[in-house]
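Peer 1: Listed below, chain by chain, are the residues.
Number of protein chains: 4
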Amino acid sequence: MAQTEPDTEELLELSSDTRSILERHDLRPLWEVEDDMGTTRQDPEADIWKWEDIQSAIDGIERDVPIADLPPGFQRRVAVPINAPNAISNSIYVGIQTVSPGETAPSHRHSANALRFTIDGSEDMKTVVAGEEFPMENNDLITTPQWEWHDHVNDSDETAAWLDVLDLPFVLDSLNARQVFENHELERQPVTKTQGYWDSQYGRGRPADEKSDGSIPGPFEGNREATPPYRFGWDEMLESLRQRAENDDPDRHDGYSLAYVNPATGKEPLFPTMSFRAQLLNEGPTDAHFHNATEVYFVIEGEGATHVGDEALEWGQWDVFVVPPNETHHHEPDDEAVLLGMTDRPVFEAFNLYAEAEPSS
Amino acid sequence: MAQTEPDTEELLELSSDTRSILERHDLRPLWEVEDDMGTTRQDPEADIWKWEDIQSAIDGIERDVPIADLPPGFQRRVAVPINAPNAISNSIYVGIQTVSPGETAPSHRHSANALRFTIDGSEDMKTVVAGEEFPMENNDLITTPQWEWHDHVNDSDETAAWLDVLDLPFVLDSLNARQVFENHELERQPVTKTQGYWDSQYGRGRPADEKSDGSIPGPFEGNREATPPYRFGWDEMLESLRQRAENDDPDRHDGYSLAYVNPATGKEPLFPTMSFRAQLLNEGPTDAHFHNATEVYFVIEGEGATHVGDEALEWGQWDVFVVPPNETHHHEPDDEAVLLGMTDRPVFEAFNLYAEAEPSS
Amino acid sequence: MAQTEPDTEELLELSSDTRSILERHDLRPLWEVEDDMGTTRQDPEADIWKWEDIQSAIDGIERDVPIADLPPGFQRRVAVPINAPNAISNSIYVGIQTVSPGETAPSHRHSANALRFTIDGSEDMKTVVAGEEFPMENNDLITTPQWEWHDHVNDSDETAAWLDVLDLPFVLDSLNARQVFENHELERQPVTKTQGYWDSQYGRGRPADEKSDGSIPGPFEGNREATPPYRFGWDEMLESLRQRAENDDPDRHDGYSLAYVNPATGKEPLFPTMSFRAQLLNEGPTDAHFHNATEVYFVIEGEGATHVGDEALEWGQWDVFVVPPNETHHHEPDDEAVLLGMTDRPVFEAFNLYAEAEPSS
Amino acid sequence: MAQTEPDTEELLELSSDTRSILERHDLRPLWEVEDDMGTTRQDPEADIWKWEDIQSAIDGIERDVPIADLPPGFQRRVAVPINAPNAISNSIYVGIQTVSPGETAPSHRHSANALRFTIDGSEDMKTVVAGEEFPMENNDLITTPQWEWHDHVNDSDETAAWLDVLDLPFVLDSLNARQVFENHELERQPVTKTQGYWDSQYGRGRPADEKSDGSIPGPFEGNREATPPYRFGWDEMLESLRQRAENDDPDRHDGYSLAYVNPATGKEPLFPTMSFRAQLLNEGPTDAHFHNATEVYFVIEGEGATHVGDEALEWGQWDVFVVPPNETHHHEPDDEAVLLGMTDRPVFEAFNLYAEAEPSS
Ligand SMILES: [Fe+2]
Ligand SMILES: [Fe+2]
Ligand SMILES: [Fe+2]
Ligand SMILES: [Fe+2]
Ligand SMILES: [Fe+2]
Ligand SMILES: [Fe+2]
Ligand SMILES: [Fe+2]
Ligand SMILES: [Fe+2]
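Residue numbers (full-length UniProt numbering), protein chains in the order written: chain A, 1 to 361; chain B, 1 to 361; chain C, 1 to 361; chain D, 1 to 361.
Just so you know, these hints were derived from the structure itself, not from any lab. Any given hint could be a false lead.
[To be verified] Derived DMTMM-like pairs: lysine to aspartate or glutamate, alpha-carbon spacing no greater than 20 Å straight-line:
(1) D:Lys-267 <-> D:Glu-225
(2) A:Lys-267 <-> A:Glu-225
(3) A:Lys-267 <-> B:Glu-221
(4) C:Lys-267 <-> D:Glu-221
(5) C:Lys-267 <-> B:Glu-225
(6) C:Lys-267 <-> D:Glu-225
(7) A:Lys-267 <-> D:Asp-209
(8) D:Lys-267 <-> C:Glu-221
(9) B:Lys-267 <-> B:Glu-225
(10) A:Lys-267 <-> D:Glu-210
[Stated by the list, open to error] So these bits of chain D aren't anywhere near chain A, every CB distance computed over 12 Å:
(11) His-253
(12) Gly-266
(13) Ala-312
Treat the numbers as computed from the prediction; the structure is a model and nothing was measured. By construction, the Cβ of each residue, glycine as well, lies at the ideal position given by its N, Cα and C atoms.
Given the sequences, and given the hints that come with them, work out the whole structure.
Peer 2: Quick look at the structure:
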C-alpha cells in the first residue's frame with residue numbers, strides 16, 4: 001500500500017511488553033506489515049544478450065564438458081540468460097539449447113508448459129510430442145504442453161539450435177508450486193501418429209460431435225482449455241504477417257502483431273501463463289507505452305533498437321532482450337524487422353490486474 | 001525440476017575461462033539453474049493463532065498507541081498473523097481489526113480485493129461500499145472488491161471486530177505487481193444508494209436486457225467477471241448449510257461445505273484470487289487429503305482439532321489457523337463446528353495447476 | 001427473400017416438358033420458391049383476454065364437465081387463449097388453470113419447459129417438483145423445467161388459480177420436435193427434500209468444489225445450462241423492483257424491468273426458449289419500439305393500456321394480452337402498474353436474429 | 001402431448017352456452033388444444049435427387065428461359081429439391097446453381113446464413129465476400145455469412161456449378177422471422193482485400209490483443225459468435241480425413257467425420273443454425289441410429305446406399321438425399337465414399353432438445 005502516510009514513527013512506538021506479546025504469537029501491527037509488502041522480489045532490469053556471446057558461452061560449455069563424456073539422458077547444452085533469481089525474468093524462462101547430430105534429449109514430461117522456437121533447424125531435427133514427430137525447421141514454434149511426453153531427436157547431420165521457453169520461474173518461484181516431473185521409460189517415446197496428425201485435429205475441420213471432455217492432462221485441475229501438441233510452421237505465420245501488412249493498420253505499440261493461438265480455442269494465449277506474438281516492424285518507430293507485464297524478445301530477423309526508459313537495447317538477428325514491467329518502451333527497427341514477443345500478460349489478465357498506458361507527454 | 005540426476009558434479013566442472021564468459025554475460029548453464037528453481041520462497045508452516053492471544057495483542061497496541069492521539073485517517077488497530085514474509089501465507093493476508101464507537105476507517109480504494117468477515121458487529125457498524133451502507137452483523141461477510149471505494153463507520157456504542165482478508169501477498173509479493181491505491185477526498189464517501197440496493201441487483205430478478213459490458217473497474221484489464229459490492233448475510237448461509245445437512249451427504253474432506261459465490265456469476269470463486277467456504281462439521285472426523293493450495297481457517301463456532309501431518313492444531317471459537325500446501329490434513333470437531341475456509345485454490349486453477357489427492361494408506 | 005423483383009412472370013414461363021421434368025423429380029426453379037417462403041404461418045394479432053371472460057369460460061367448463069365425474073389423472077380445468085394455431089402465439093403457450101380444494105394434477109414430466117405463475121394461491125397450494133413442495137403464494141413463479149417430475153396439490157380449502165406457461169408451440173409446431181412425455185407411477189411423487197432445499201442450492205453460497213457435470217436431464221443433449229426447479233417468491237421480486245425504482249432510471253420501453261434469471265447462471269433467460277420479466281410502470285407512458293420477438297403480458301396489478309399500432313389494449317388486473325412481432329407498441333399505465341412480461345426473444349438471440357428498433361418519427 | 005388419454009370424448013362434451021363463451025373470447029379448453037399440437041407441419045420423407053435429373057431440369061430451365069433474355073440482376077439458374085413446403089427440409093434449403101462463363105450473380109446481403117459447396121468450379125470462378133475474392137475450386141466450401149455482401153463472378157470459360165445451402169426454411173417458415181435483404185449499389189462489390197486475407201485473420205496466428213467486440217453484423221443481436229467469411233479448401237479437409245483414417249477409429253454412425261468449424265471459435269457448428277461434416281466411409285456399413293435432427297447429404301465421391309427405415313436410397317456422385325428426423329438409418333458405401341453431411345442439429349442443441357439413440361435390437 002504505497003500511500004503517503006503521516007510521519008508517525010514516534011507515535012507508533014510500542015512498549016516492550018506489547019512487542020513481546022506480538023513476537024511470541026507471530027503477530028505484527030498492520031503499519032509494519034504495510035511497508036514491507038511488495039519488496040520481497042526485484043523486477044528484472046532491461047537487458048540484452050547478443051547472439052555471439054550466447055554462442056561463445058555454449059561453445060565454452062561444450063569444450064569443457066563434452067557431451068560424449070556424459071551419461072545417457074544428461075546430454076544437453078543450454079545457456080540460460082539470467083536477470084532474475086534463476087531466469088531472464090520472474091515469470092518466463094528462456095534457454096538457448098544446441099543438440100549435435102545423432103543426439104537425443106530423452107523423453108520426459110512435467111507440469112510446466114514449454115515450447116521450442118527453432119533458431120537453426122532442419123526437417124530431420126525433430127521434437128517428438130504425444131506420439132508425433134514434429135520437424136523443426138527454421139522459426140517453427142513447437143509446443144510441448146503440460147504433462148505431454150516430449151523428446152528431441154537430431155537425425156540430421158548439423159548441430160541444431162533453438163530457444164526453450166518455459167513458465168518455470170512463475171510456477172516454481174512465484175506460485176511456489178511443485179514441478180511434477182517424470183522420465184519416460186524409453187529414451188525415445190514410440191512414434192504412434194503420422195506426421196500432420198495433431199495439426200489435422202485442430203484444423204478447419206475437426207472431429208465431429210466429439211465433445212471434448214475438457215480434461216486436463218496429468219494430475220491437475222483447472223479452468224483453462226489445455227493447449228495441444230502443435231507445430232506452428234513459420235511459412236504460415238509469415239504469410240499472415242504479410243497479409244496484415246498489405247491490408248491492415250499496424251498496432252501502434254507492437255507493429256503488425258500476430259498472437260500464436262491455442263489451437264483448441266483459436267484464441268490467445270497459447271498457454272495459460274504465457275502469450276507469444278510474431279511482430280513485423282516496418283513503419284518506423286512504434287509509439288511508447290508501458291505495462292505491468294514483462295516482455296521477452298527474440299530477434300527473428302532484422303536490426304534495430306528498443307528503447308527502455310533512457311536505455312537503448314541495440315539488437316540484431318538472434319539476440320534476446322527483456323523489457324521489465326512498468327518501464328516505458330518503444331521499438332525502432334533500422335529497416336524491416338521481425339520479432340518473437342513473449343509475455344506473462346495472461347497471468348495478470350487471469351486476475352483482472354493487467355494495466356497498460358502511454359506516458360503523458 | 002526435481003528429478004534425480006546422476007552424480008555428475010565433477011563432470012560438470014567448467015573452466016575459469018568459460019565461467020568468466022558466462023558471468024560476464026549473465027548466462028548460466030542449465031544444470032545450475034535447475035537446482036535453484038523453486039527455492040526462493042518458503043511455504044508457511046502449519047500454525048494457529050488463539051483468539052485470546054490476538055485479543056491481548058490488540059489491547060497492547062491500543063494501550064501503547066491510543067487511537068485518539070493519532071492523526072485523522074490513521075486510526076486503526078490491526079493485528080496481523082505472520083507465517084510468511086508479511087502475512088499468514090504467501091497468498092492470503094488476514095488481519096484482525098477493531099474499531100471503537102464513533103471511529104471511521106477512512107474511504108479509499110485499491111487494486112487488491114478485500115473482504116470483511118464480522119467477528120463482533122451490529123446493525124450500526126457499517127462498511128460503506130460503492131454508495132451503500134452494509135450493516136456488519138455477526139458472521140456477515142462483506143466484499144470490498146477491486147477499485148471500489150470503501151470505508152468503515154462504527155455508529156454503534158460497542159467496539160466492533162472483524163477479519164480483514166486480502167490477496168495482497170499474492171498480488172505484491174508473488175506477482176510482483178504494484179498496489180494501486182487512492183484515498184477518497186472525503187473521510188466518508190457519500191451514501192447514494194438505499195440499503196439493499198446491491199443485493200437487489202444480483203438477486204433472483206436482475207435488470208433486464210442490460211447486457212453487462214463486462215468492464216473491470218479501474219485501470220485494469222482481464223478476463224474474469226468483476227466481483228460486485230455485496231453482503232452475504234449469515235442467516236441465509238446458515239440456513240443453506242442446514243438444508244444441505246438435512247438433505248445431502250457431506251464432502252468427505254470438508255464436511256457440509258458452501259462456497260461463497262461471485263454474485264455476478266453464481267459461481268465460485270468469490271474473487272479471482274481467493275475462494276471462501278462456510279463449512280459445517282458434524283459427522284465425526286473428515287477424511288485426510290492434501291493439495292497444493294493453501295488453506296486459512298477462521299473458527300466461527302465450535303471446538304475441535306485439525307491434524308496437519310503429525311501436528312494437531314486445537315481450535316476454539318474465533319481462532320485462526322493455516323494449513324500449508326501439500327500437507328496431509330483432516331478436521332476433527334468435538335461436536336458440531338462451523339468454519340470459514342479460505343483458499344488460494346483459484347490461483348492454481350487459473351493455470352491448470354491445482355492438484356489434490358488422498359494419502360495412500 | 002422479400003426483395004422487389006422485376007416483373008418477369010412472362011419471361012419465366014416454362015415449357016410443359018421442363019415443367020414435367022421438374023415435377024417428376026420434386027424440383028422447383030428458385031424464382032418460384034422465393035415467393036412462397038415465409039408464408040406458411042401467420043403472426044398472431046394484437047389481442048387481449050379480460051379476466052372476467054376467462055373466469056366465465058372456466059366456470060362454464062366446470063359446470064358442463066364436473067371434475068368429480070372424470071377419471072383420475074384427468075381432472076384439470078384449463079382455458080387456453082387462442083391467437084395462433086394452438087396457443088396465444090407461435091412460440092409461447094399460456095393457459096389459465098384452476099384446481100379445487102383436495103384435487104391433484106397428477107405427476108408427470110416432459111421435454112417442454114413450463115412454469116406456473118400464481119394468480120390466486122396459498123401456502124397449502126403446492127407444486128411439487130424434483131422432490132420438494134413449493135408453496136404457491138400470490139404472484140410466486142415456480143419452474144417445472146424440462147424432464148423434472150411435477151404435480152400440483154391443492155391442500156388448502158380454496159380453489160387455486162394460476163397461469164401455465166410453456167414453450168410447446170415453439171417446440172411442437174415450429175421446431176416440429178416430438179414432445180417426450182412420461183407419467184409418474186404415482187399420482188403424487190414422493191417428497192424427498194425439505195422445503196427450501198432447491199433454493200439453498202442456488203443461493204449466495206453453493207455446494208463447494210462440486211463442479212456441475214453440465215448434464216441435461218432426460219434423453220436430451222444441448223449447450224444450455226439446465227434450469228433448476230425453483231420458486232421465485234414475489235416478496236423478493238417486488239423488493240428488487242422497489243430498489244430499482246428508488247435508485248435507478250427506468251428502461252425507456254419497459255419501465256423498471258427485472259428479468260427472472262436462470263438460478264444456475266444468474267443470467268436471463270430463465271429457459272432457453274422463453275424469458276420473463278417483472279415490470280413496474282410508474283412514470284407515465286413508455287417510449288414506442290418494435291422487435292421481432294413476440295411479447296405476452298399478464299397484468300399483476302394496476303390498470304392502463306398498451307398501444308399496438310393503432311390499437312389500444314385496455315387492461316386491468318389479471319388480464320392477458322399479446323404484442324405480435326414487428327408491431328410498434330408502448331405502455332401507458334393509469335397510475336402504477338406491475339406486469340409479467342413473457343417473450344420468445346431468446347429464440348431469436350440463439351441465432352443472432354433478434355432485431356429491435358424505434359419507429360422513426 | 002402424445003400421452004395416451006382415457007376415452008373421455010363423451011365426458012368432455014360442452015354445452016352450446018359454454019362453447020359460445022369460449023369462441024367469443026378466442027379461448028379453448030386444454031384437452032382440445034393438446035391433440036392438435038405438433039400437427040401443423042409435416043416432416044419430410046426420405047428421398048433422393050439423382051444428379052442426372054437435376055442436370056436435365058437445369059438444362060430445361062436454361063432452354064426455356066435463356067439467361068441472356070433476362071434483365072440484369074436476375075440471371076440465375078437454380079433447381080431446388082422440394083420435400084417440405086419450400087425446400088428439401090423444414091430447416092435447410094439446398095439449391096443447385098449454375099453460372100455460365102462471363103455471368104455475375106449480383107452483390108447483395110441478407111439475414112440468412114449461406115454457403116456454397118463447389119461441384120464444378122475453377123480458380124477463376126469466384127465468390128466475392130466482404131471484399132475478398134474466394135476461388136471456387138472443386139469441393140471448396142465458401143461461407144457467405146449473415147449480412148456480408150456477396151456476389152459470384154464466373155471469369156472462367158466453363159459453366160460452374162455449386163450447391164447453395166441456406167437456413168431460409170428455418171428462419172422464414174419455422175421462426176416466422178423476416179428475411180432482411182439488401183442489394184449492393186454495384187453489381188460487383190469492390191475487391192478491397194488481397195486473396196488469403198480472411199484466412200490469415202483466422203489462422204494459427206491471429207491479430208494480437210485485439211479483443212473482438214463480439215458484435216454481430218447488421219441490425220441483429222444475439223449470443224453466438226458470428227461466422228466470418230471463409231473458404232475451406234478441399235485439399236486440407238481431405239488431408240485431415242486421411243489423417244483420421246490412418247490414426248483414429250471411425251465414428252460408428254458417421255464414419256471418419258470432420259465438422260467444418262466456425263473459424264472464429266475453432267468449434268462446430270459452422271453457423272448457429274446448421275452444421276456441416278465431411279464424412280469418409282470406408283469400413284463397410286455404419287451402425288444404425290436415429291435422431292430428431294434432419295440430415296441432408298451431398299455425395300462428393302463414391303457410390304453406395306443409405307438405408308432409411310425400410311427404404312434404400314442408392315446414391316452416386318453429386319446426388320442429393322435427405323434423412324428425415326426420427327428415422328433409423330445407416331450408410332453402406334460400395335467401396336470408399338465421401339459425403340458432405342448437413343444437419344440442423346444446432347437448432348435442437350440451442351434448446352437442449354437434441355436426442356439421438358440406436359434402435360433396440
Ligand atoms: Fe521438458
Ligand atoms: Fe510493450
Ligand atoms: Fe482497503
Ligand atoms: Fe483441504
Ligand atoms: Fe406438465
Ligand atoms: Fe417490447
Ligand atoms: Fe445471397
Ligand atoms: Fe445420422
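Peer 1: Run every hint past the structure and note whether it holds.
Peer 2: Verification of the hints:
Restraint check: the Cα-Cα separation between D:Lys-267 and D:Glu-225 comes to about 11 Å, which is no more than 20 Å; the hinted pair holds. Distance restraint check for A:Lys-267 and A:Glu-225: the Cα-Cα separation of roughly 11 Å lies within the 20 Å cut-off, and the hinted pair is therefore satisfied. At roughly 17 Å between alpha-carbon atoms, A:Lys-267 and B:Glu-221 fall within 20 Å of each other, so this suggested pair holds. Taking the CA atoms of C:Lys-267 and D:Glu-221, the gap is about 17 Å. The hint holds against a cut of 20 Å.
A hinted pair counts as satisfied when its Cα atoms are at most 20 Å apart, and C:Lys-267 with B:Glu-225 qualifies at roughly 13 Å. A distance of roughly 18 Å separates the Cα atoms of C:Lys-267 and D:Glu-225; the hinted pair therefore holds under the 20 Å criterion. As the CA atoms of A:Lys-267 and D:Asp-209 are separated by approximately 10 Å, the hinted pair is consistent with the 20 Å bound. The straight-line distance between the Cα atoms of D:Lys-267 and C:Glu-221 is roughly 17 Å, inside the 20 Å bound, and the hint therefore holds.
Taking the CA atoms of B:Lys-267 and B:Glu-225, the gap is about 11 Å. The hint holds against a cut of 20 Å. Between the alpha carbons of A:Lys-267 and D:Glu-210 the distance comes to roughly 11 Å, so the proposed pair stays at or under 20 Å and holds. With a minimum CB-CB distance of about 9 Å to chain A, D:His-253 fails to clear the 12 Å threshold, and the non-interface call is violated. With 12 Å as the threshold on Cβ separation, the claim that D:Gly-266 sits away from chain A is violated: the shortest Cβ distance comes to roughly 4 Å.
For D:Ala-312, the non-interface assignment is confirmed: its Cβ lies about 24 Å from the closest Cβ of chain A, beyond the 12 Å cut-off.
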